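K.L.:
Here is what each chain is made of, one letter per residue.
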Amino acid sequence: MQNFTPVSALLGGALIGLSAFILLRFNGRIAGISSIMSGLFTTSGPNRYWRMTFLLGLMLGAAIWQWFAPSTLPLRQNYPLPLIIVGGFLVGFGTRIGSGCTSGHGICGLALGSRRSIAATLTFMGSGIVTVYIIRHVIQVLS
Amino acid sequence: MMKLILALFAGIIFGLGLTVSQMTNPDKVLGFLDFAGDWDPSLALVMAGALAIAVAGFRWTRQQEKPVLGSRFHITLKTTLDKPLLTGAGLFGIGWGMTGYCPGPAFAGMALGNQEAIVMVTSIYAGFWAAGLLQDKT
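Those sequence lines, one after another, are chains V and A.
Position 62 of the first sequence, counted from 1, bears residue number 62 in our numbering, the numbering being contiguous throughout.
Position 44 of the second sequence, counted from 1, bears residue number 44 in our numbering, the numbering being contiguous throughout.
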């Protein structure tokens with residue numbers, strides 16, 4: 001557990017929870033990033049505009065922190081691109097079919113006590129753990 | 001107009017949360033999913049921190065009649081555990097484990113000059129598109 005960063009994890013998590021709360025309390029919307037991302041091109045008018053400003057904010061927030069504390073954000077080098085392309089496709093496909101991702105199911109859905117979100121979160125955590133085990137320890141593509 | 005500003009503000013807070021917690025670093029996320037390696041429990045605390053605020057905030061919010069700036073809460077009340085939900089979540093987890101990115105960190109990562117994140121987001125949209133085709137057929 002050499003890389004454990006409990007303080008920044010709790011603090012960052014609290015900010016994510018605060019964001020989800022603000023979006024629901026003021027706009028009545030769930031902060032599920034996969035839905036917001038896919039809706040960017042499938043909705044129109046005001047339904048599209050708030051998604052645009054939210055995603056713009058998401059990038060702004062990240063840029064602000066990078067400006068403030070660049071050393072905390074290392075960039076990964078030489079990760080196999082085919083893994084990113086195929087994995088990215090599965091993330092998009094899976095979150096659309098399964099109606100949500102880590103934020104929508106794992107945070108908002110769990111906070112609402114949704115049975116579907118509990119099942120989805122356990123499922124994607126489980127398949128993620130198995131996938132990393134296979135990649136790193138069975139076929140050992142990566143260290 | 002106020003709704004757009006609030007969404008922008010919520011997005012900024014979310015982006016700050018992802019970077020402060022280092023979830024925009026895919027190796028950090030993979031360290032959490034790697035139980036057989038040098039396990040990094042940080043992501044569990046990100047979720048704990050987020051849930052602590054969201055559970056309290058949502059509970060209070062749900063007692064209100066409507067959102068401050070809207071006419072109703074857009075929340076799906078589906079409770080059935082169906083095949084698309086579990087299949088989709090299973091496939092999402094595989095992609096997450098292959099890359100270390102879920103949608104939020106991938107999108108935010110584009111603002112960090114991370115070229116990998118741009119490829120990731122493009123591939124995610126290809127996946128959205130394919131799922132849309134499939135859903136239109138059924």
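Rather than coming from a laboratory, the hints here were simulated on the basis of the structure.
There's no promise every hint is true.
Derived coverage of chain A by chain V (criterion: at least 3 residues anywhere in the stretch with Cβ under 8 Å from a Cβ of chain V; other residues may be distant) [as the list claims (entries may be wrong)]:
#1 3-10
#2 21-35
#3 70-79
#4 85-98
#5 111-119
#6 122-132
Since this is a predicted model, take the numbers as computed values, not measurements.
Just so you know, even glycine gets a beta-carbon here, dropped at the ideal spot from N, CA and C.
K.L.:
All the hints need checking, so say for each whether the structure fits it.
P.N.:
Hints, one by one, checked against the model:
1. 3-10: holds (count 8)
2. 21-35: holds (count 13)
3. 70-79: holds (count 9)
4. 85-98: With 14 residues close enough to chain V, the hint holds.
5. 111-119: Contact hint for the segment 111-119 of chain A vs chain V: holds, 6 residues under 8 Å.
6. 122-132: holds (count 11)
Of the numbered hints given earlier, the model fails none.
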